[in-house]
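K.L.:
The primary structure of each chain is shown beneath.
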Amino acid sequence: MTIKFDRIAAVAFLVVGVLFMVASKQLSSTSYGSVVGPDIFPFILGIILVLLSIRLFFESLTSSPGEGKKESIQYKPFLIILAATLVYILTLEIVGYVITTFLFLCICFQTMERSKWVTSLIISAAFSGVVYVLFVEVLKGTLPGWPIWF
Amino acid sequence: MSTLEYLFQGFGTALIWYNLIFAFVGVLIGTAVGVLPGIGPMSGVALLIPVTASITGGLPPEQAATSAIILLAGVYYGAMYGGSTTSILLNTPGESSSVVTTLDGYQMAKKGRAGSALSIAAIGSFVAGIVTIVALIVLAKPLSNVALKFGPAEYFSLMLLGLGAVSGLAGKSVTKALIMTVCGLLLGTIGIDNVSGIARFTFDVPWLYQGIEFLTIAVGLFALGEVFKTILEKEEEDMEIARINNLLPSKEEFKESAGPIARGSILGFFVGILPGAGATLASFFSYILEKKISKNPSKFGTGAIAGVAAPESANNAASGGAMIPLLTLGIPGSGTTAILMGALMMYNVQPGPLLFEDHPQVAWGLIASMFIGNIMLLILNLPLVKVFAKIIQTPKKYLLPMIIAISIFGVYAVQVSTNDLLLLLACGILGYFFSKHDYPIAPLVLGLVLGPMIENNLRRALTISNGEYSVFVTRPISLAFLLITVLWLVVPFLMKKRGKEVVINIEG
Numbered sequence: 004m005t006i007k008f009d010r011i012a013a014v015a016f017l018v019v020g021v022l023f024m025v026a027s028k029q030l031s032s033t034s035y036g037s038v039v040g041p042d043i044f045p046f047i048l049g050i051i052l053v054l055l056s057i058r059l060f061f062e063s064l065t066s067s068p069g070e071g072k073k074e075s076i077q078y079k080p081f082l083i084i085l086a087a088t089l090v091y092i093l094t095l096e097i098v099g100y101v102i103t104t105f106l107f108l109c110i111c112f113q114t115m116e117r118s119k120w121v122t123s124l125i126i127s128a129a130f131s132g133v134v135y136v137l138f139v140e141v142l143k144g145t146l147p148g149w150p151i152w153f
Numbered sequence: 007m008s009t010l011e012y013l014f015q016g017f018g019t020a021l022i023w024y025n026l027i028f029a030f031v032g033v034l035i036g037t038a039v040g041v042l043p044g045i046g047p048m049s050g051v052a053l054l055i056p057v058t059a060s061i062t063g064g065l066p067p068e069q070a071a072t073s074a075i076i077l078l079a080g081v082y083y084g085a086m087y088g089g090s091t092t093s094i095l096l097n098t099p100g101e102s103s104s105v106v107t108t109l110d111g112y113q114m115a116k117k118g119r120a121g122s123a124l125s126i127a128a129i130g131s132f133v134a135g136i137v138t139i140v141a142l143i144v145l146a147k148p149l150s151n152v153a154l155k156f157g158p159a160e161y162f163s164l165m166l167l168g169l170g171a172v173s174g175l176a177g178k179s180v181t182k183a184l185i186m187t188v189c190g191l192l193l194g195t196i197g198i199d200n201v202s203g204i205a206r207f208t209f210d211v212p213w214l215y216q217g218i219e220f221l222t223i224a225v226g227l228f229a230l231g232e233v234f235k236t237i238l239e240k241e242e243e244d245m246e247i248a249r250i251n252n253l254l255p256s257k258e259e260f261k262e263s264a265g266p267i268a269r270g271s272i273l274g275f276f277v278g279i280l281p282g283a284g285a286t287l288a289s290f291f292s293y294i295l296e297k298k299i300s301k302n303p304s305k306f307g308t309g310a311i312a313g314v315a316a317p318e319s320a321n322n323a324a325s326g327g328a329m330i331p332l333l334t335l336g337i338p339g340s341g342t343t344a345i346l347m348g349a350l351m352m353y354n355v356q357p358g359p360l361l362f363e364d365h366p367q368v369a370w371g372l373i374a375s376m377f378i379g380n381i382m383l384l385i386l387n388l389p390l391v392k393v394f395a396k397i398i399q400t401p402k403k404y405l406l407p408m409i410i411a412i413s414i415f416g417v418y419a420v421q422v423s424t425n426d427l428l429l430l431l432a433c434g435i436l437g438y439f440f441s442k443h444d445y446p447i448a449p450l451v452l453g454l455v456l457g458p459m460i461e462n463n464l465r466r467a468l469t470i471s472n473g474e475y476s477v478f479v480t481r482p483i484s485l486a487f488l489l490i491t492v493l494w495l496v497v498p499f500l501m502k503k504r505g506k507e508v509v510i511n512i513e514g
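So the sequence lines, in the order shown, correspond to chains A and B.
Here the first sequence stands for residues 4 to 153, where the numbers follow our numbering.
Here the second sequence stands for residues 7 to 514, where the numbers follow our numbering.
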């Protein structure tokens, strides 16, 4: 598992390194005046990254597969929470902080453990309300509070 | 002005009522962070940066920086106190620097001596905290005076040394650690170039012009990454918490632990100063040392009080020692201090030799507040340890979603951009995969924080020398730093080749 990940990661880092090298070479024409332009540092780093990723690839070839630890990985709650977080982020500016945070917390609490609806509702409401009031009213911060169509 | 005068001024700053509250909140949250398994000092500090930034928003810049750093540093050393609680009561270290404490601490708890183990841990941490603050006060000025003589070439090499040391000790594979470092440095080059004003790697996206925000990356990789890890690898655990009986250790126990506390403090302090080595290594070394010099080493592992006193003093001393390179040289030696440095830079306060000249209020205020914070921690931890032990029972059901909500709130409050939130989420997922496959995260954050400074010094040095790269090896101090960097990376590698086990530092 780790070895497979390492190989994919090695290729990905190699690509990133090459991209940075190419992109920094395109920068050089725009710099003037100084002996060392803005391209040198990222270019050197790109080379180092390429070399390191090649080494990582060979290390992953030679290393023997580690002990097969069986972990029970809980994909379902994770994916639900991940999706909830994504929706939360995307709707934050449109629907506003208070409603989105409340819904997000409710969903996550219940995903983690399906019990005690009332406690979840109270904690979610309290969290979103308290954070909003403290931040916007007391500290005068910027936070989209309510839906934009209000 | 003399050091003492500055120190008194520092106390003046630290004793302002709101700074006292900041210090108190910092150490309180720090203890909680230390107690809760799953959140380490790094994610705790990262999570709190945006929160403190919004709270201190109303203060003048320098005072805001002082108050914020007082709180964040409080979280850092407070976590060192809290970590021992779960190690002793549950046999589960709250953070990695307390792993060694479980060996003897849990055995003591099993024998009904949990109370004295906890109070010796708290007293040891306190003594170590005070020792390091005194050492910090004595060493700060002379060290920053030395550092003031450094030119750009020396600085470049010194920063390389810092990066190399952290990467060399950061994980199972040096290659992976170095890759993470380079990635951090590359991320740091995105945005408008400081020297020439050219936009680099921005693809004409306006959001990228100001660069990748360190805060977003740190919160995402550390805090969200850890939350995702806990959700994915959910362990149903119903552990019994050992009962705490008498809190006061007996006279004998005091006598037995006095030596280990003293040795642990001094050893921990020096290990803490070294870049790359941190609290985890310090606690490990001090435990080994105690075992070596003990008259009957067989007692260790069965509930020897020295096995609790020494590592707990050492990890707290190391967290103080780690402040020295940060404050005097501007080089963070660990993930947590890198985050603290990023926090200071957010307030436009540049840690380094000039910190004591330009912002004495920040530097001395912080040092004085560490003194006050340690006293607060001793008071908090001795009688209230039972309350903190209850925190362990906080259901993860409520804790984890709230950490996600706090990260999102915090990043949005500071950045006010949905793009940053998306980057945050992406970093969270990446953080999970990285730590699962032994890619250490601390070097990446360190690279991101140090990147722009390294580049500036490199280019300044090369401009002065007219493009001659030999400047780094002809100047003796610079050459020495570079040689140490190479040794630091090569020696562990050679030792591994010869089949020796190399102690690594995992800070989480």
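Hints listed in this document are in silico derivations from the structure and should not be mistaken for laboratory results.
Computed from a predicted model, the values in this text were never measured in an experiment.
Positions of the beta carbon are idealized from the N, C-alpha and C atoms, including for glycine.
Among the hints, a few may not be true.
According to the in silico footprint, chain A covers these stretches of chain B (three or more CB under 8 Å from chain A) [to be verified]:
id, region
1, 108-114
2, 291-299
3, 302-309
4, 410-417
5, 463-477
K.L.:
Now tell me, hint by hint, if it's right for this structure.
P.N.:
Taking the hints in turn, this is what the structure says about them:
1. 108-114: Contact hint for the region 108-114 of chain B vs chain A: violated, 0 residues under 8 Å.
2. 291-299: violated (count 0)
3. 302-309: As far as the region 302-309 of chain B goes, the hint is violated, because 0 residues have Cβ atoms under 8 Å from chain A.
4. 410-417: Coverage by chain A holds for the region 410-417 of chain B (4 residues, Cβ < 8 Å).
5. 463-477: holds (count 6)
Comparing the model with each numbered hint stated earlier shows that hints 1, 2, 3 do not hold.
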